[in-house]
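Participant: Using the sequences plus the hints, can you model the full thing?
2 protein chains.
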Amino acid sequence: MKFTQERLFSFCIQVFETCGMSKEDAKLAAEVLVLADLRGIDSHGVARLSGYVRLANKGRANFNAKPFIVHQTPSTATLDANQGLGLISAPMAMHIAIEKAKNVGTGWVAIKNSNHFGIAAYHAMMALPHDMIGISMTNASPLVAPTHAKERMLGTNPICLAFPSGNEIPFVVDMATSNAANGKLEIAQRLNKQVPLGWVQTKEGKESTNANELKDGGALLPLGGHKGYGLAAAVDILSAVLSGANYGPWVPPFVAFLDPLPNLPGEGIGHFVGAMRVDAFRPKEDFKAHMDNWIKRFKAAERIDDNTEVLIPGELEHRAYLQRIADGIELNPQVQIDLEALAAQLKLVL
Amino acid sequence: MKFTQERLFSFCIQVFETCGMSKEDAKLAAEVLVLADLRGIDSHGVARLSGYVRLANKGRANFNAKPFIVHQTPSTATLDANQGLGLISAPMAMHIAIEKAKNVGTGWVAIKNSNHFGIAAYHAMMALPHDMIGISMTNASPLVAPTHAKERMLGTNPICLAFPSGNEIPFVVDMATSNAANGKLEIAQRLNKQVPLGWVQTKEGKESTNANELKDGGALLPLGGHKGYGLAAAVDILSAVLSGANYGPWVPPFVAFLDPLPNLPGEGIGHFVGAMRVDAFRPKEDFKAHMDNWIKRFKAAERIDDNTEVLIPGELEHRAYLQRIADGIELNPQVQIDLEALAAQLKLVL
Chain A
1 MKFTQERLFS FCIQVFETCG MSKEDAKLAA EVLVLADLRG IDSHGVARLS
51 GYVRLANKGR ANFNAKPFIV HQTPSTATLD ANQGLGLISA PMAMHIAIEK
101 AKNVGTGWVA IKNSNHFGIA AYHAMMALPH DMIGISMTNA SPLVAPTHAK
151 ERMLGTNPIC LAFPSGNEIP FVVDMATSNA ANGKLEIAQR LNKQVPLGWV
201 QTKEGKESTN ANELKDGGAL LPLGGHKGYG LAAAVDILSA VLSGANYGPW
251 VPPFVAFLDP LPNLPGEGIG HFVGAMRVDA FRPKEDFKAH MDNWIKRFKA
301 AERIDDNTEV LIPGELEHRA YLQRIADGIE LNPQVQIDLE ALAAQLKLVL
Chain B
351 MKFTQERLFS FCIQVFETCG MSKEDAKLAA EVLVLADLRG IDSHGVARLS
401 GYVRLANKGR ANFNAKPFIV HQTPSTATLD ANQGLGLISA PMAMHIAIEK
451 AKNVGTGWVA IKNSNHFGIA AYHAMMALPH DMIGISMTNA SPLVAPTHAK
501 ERMLGTNPIC LAFPSGNEIP FVVDMATSNA ANGKLEIAQR LNKQVPLGWV
551 QTKEGKESTN ANELKDGGAL LPLGGHKGYG LAAAVDILSA VLSGANYGPW
601 VPPFVAFLDP LPNLPGEGIG HFVGAMRVDA FRPKEDFKAH MDNWIKRFKA
651 AERIDDNTEV LIPGELEHRA YLQRIADGIE LNPQVQIDLE ALAAQLKLVL
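Chains as they are written, first to last, in my numbering: chain A, 1 to 350; chain B, 351 to 700.
Where hints are given, some of them may not hold.
Claimed, not checked - If you want the ones that stay clear, here's a sample from chain A, every Cβ over 10 Å from chain B, calculated:
id, residue
1, LEU38
2, ARG60
3, ASN62
4, ASN182
5, ASN212
Said to hold, decoys possible - Keeping only pairs whose Cα atoms sit at most 30 Å apart, straight-line, the calculated DSBU-like set for lysine-lysine is:
id, chain 1, residue 1, chain 2, residue 2
6, B, LYS452, B, LYS565
7, A, LYS215, B, LYS646
8, B, LYS373, A, LYS284
9, B, LYS634, B, LYS373
10, B, LYS556, A, LYS296
11, A, LYS102, B, LYS553
12, A, LYS299, B, LYS556
13, B, LYS377, B, LYS556
14, A, LYS299, B, LYS553
15, B, LYS634, B, LYS352
16, A, LYS102, A, LYS23
17, B, LYS377, B, LYS452
18, A, LYS102, B, LYS697
In short, the hints are calculated from the structure, not lab data. Glycine included, every Cβ here is placed at the ideal spot set by N, Cα and C.
Facilitator: Laid out in structure tokens, this is it:
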């Protein structure tokens, strides 16, 4: 069944407000979630809604959080998310970064004491209308094993970079630093399909194509081996060691049924965002003209297969967005059942 | 045969000075090159020396270059490398970034009209003694095919992030955004060995384990597939579209026997560097204590094989450094022959 974005948006707002969030914050959180569904990143959209509510009910996420700046310089700030959702604190951090970039060329904000921030692209793309380059990243619950380890030490720690263009679509790379995101693994589990070598390892650290390895105590593997481990680790450090959040194996689990470890070294999970004014480096018209040229040249790269085009990062998501704005959003049946149960529980209508 | 670092350093200085470089620039360029050999990145050290000289002789690299700032804001600058080596302009850009970070928390410098900058780690690690996080990246001659393309459109575009620690070694991730660096492929060629699937494709875009594919018109493949393509592309854009250098397939070849394409969209190759003051986010003692904790926890991760330790990014390079400072640097025989020929040509002694 298909839902209009307005209907999902309105439902998310009602859920958040019913659970005690202010109207303004509820609208923002709903916007971040629905953008994920519009861009085709179904694992990070309304599918997560009931998870946020369970975190709040458990007292682990504060829907009344008022994030506050704990330290700043002209180009940096550290934000305490006040145990709220990253859906709220990350856009707030981007606003701060954008204001700093207006003043001194760039702005960088590290966020601690936060929870899940939805899709990284929402935050990075906030920079685009300001003719700025946007950057966002977050750490996440440990699922990924470092090279030569069998222990889960890192999250899928995504990183997003968004670049404005002129007439072409913006270039938006938004990627987990593991070979496969957990969502893709879940899809393979549901379909009872094997996964490619390199996605997971067994709990003994052996290669595997079994989509259930993660449930059985195995781990996800970092992108392309040890380089992905280094990249995921850098995201962890920028997001958490720099901000004062928890890092590595101490990042609290997203699922409410798992408790955080004792003796945590930091507060909540961490994010890191940035904005760079294009015209702090060169005239923005020049930058945009060359971005358009870059995109057109890469689209024209000689194809391996005439029928398979070369894509620009963010192009598939942009197409999904246009199509779903027009045609609506088809929810996975299990997600729909989950949202209907949430609606019933809160005496709302999906 | 083993060489002391002093001997290689002194030889590099003599070569650069003989070819018209100032003493000060020659010392800096030599330091960048020899650090690569000390850290075990043999492909980026003195092995490149004769290549720089050939670029200068061809008029493509200017050993008398005086880089200059073309635009700046309190946290950013764009540097014109004046067609000099990145070995000179990238450290200069890092100095500028570090000064800006002292003033406003962070500093970011895009560099155009440059040439090869050696190992990325030299530049990023300049931030460490200042208790700053260092970042460096560069684009490079096209060898890597975007996903679904058979055409070489991107360089191995490395990225480095260096984080200061307290008592532990610094965390330094320095990685090409391709699955394999070109240097590793050359080693396999010399030994006539096959390479793992995923390193290269044929000129028709088919999977291959033949180390000679690149010579035969094939291409290197991006790290972990389409994500590595996105990452390499982001490095290309930050290094060149932002600075005004050449990007994508237009990046001039490092080797002097290949001419740049006609109608270039920019000037030379491009780099991007940054420095972030740790205490622009949190007290530096706290950051360093948690970095040490991060490193110790990851070193203690449960191993797959008891005899194979979990490494911290930069740990192998740090060990190579200590060992080679003590024991000297063993040059590859072909590199030694190449340097002896260069010495003879310039009437110097290796």
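Participant: Compare the structure with each hint and give your call.
Facilitator: Now the hints, each set against the structure:
no.: 1; hint: LEU38; in the structure: holds (20 Å)
no.: 2; hint: ARG60; in the structure: holds (22 Å)
no.: 3; hint: ASN62; in the structure: holds (22 Å)
no.: 4; hint: ASN182; in the structure: holds (15 Å)
no.: 5; hint: ASN212; in the structure: holds (19 Å)
no.: 6; hint: LYS452(B) - LYS565(B); in the structure: violated (46 Å)
no.: 7; hint: LYS215(A) - LYS646(B); in the structure: holds (27 Å)
no.: 8; hint: LYS373(B) - LYS284(A); in the structure: violated (38 Å)
no.: 9; hint: LYS634(B) - LYS373(B); in the structure: violated (36 Å)
no.: 10; hint: LYS556(B) - LYS296(A); in the structure: holds (24 Å)
no.: 11; hint: LYS102(A) - LYS553(B); in the structure: violated (46 Å)
no.: 12; hint: LYS299(A) - LYS556(B); in the structure: holds (20 Å)
no.: 13; hint: LYS377(B) - LYS556(B); in the structure: violated (45 Å)
no.: 14; hint: LYS299(A) - LYS553(B); in the structure: holds (18 Å)
no.: 15; hint: LYS634(B) - LYS352(B); in the structure: violated (40 Å)
no.: 16; hint: LYS102(A) - LYS23(A); in the structure: holds (29 Å)
no.: 17; hint: LYS377(B) - LYS452(B); in the structure: holds (26 Å)
no.: 18; hint: LYS102(A) - LYS697(B); in the structure: violated (55 Å)
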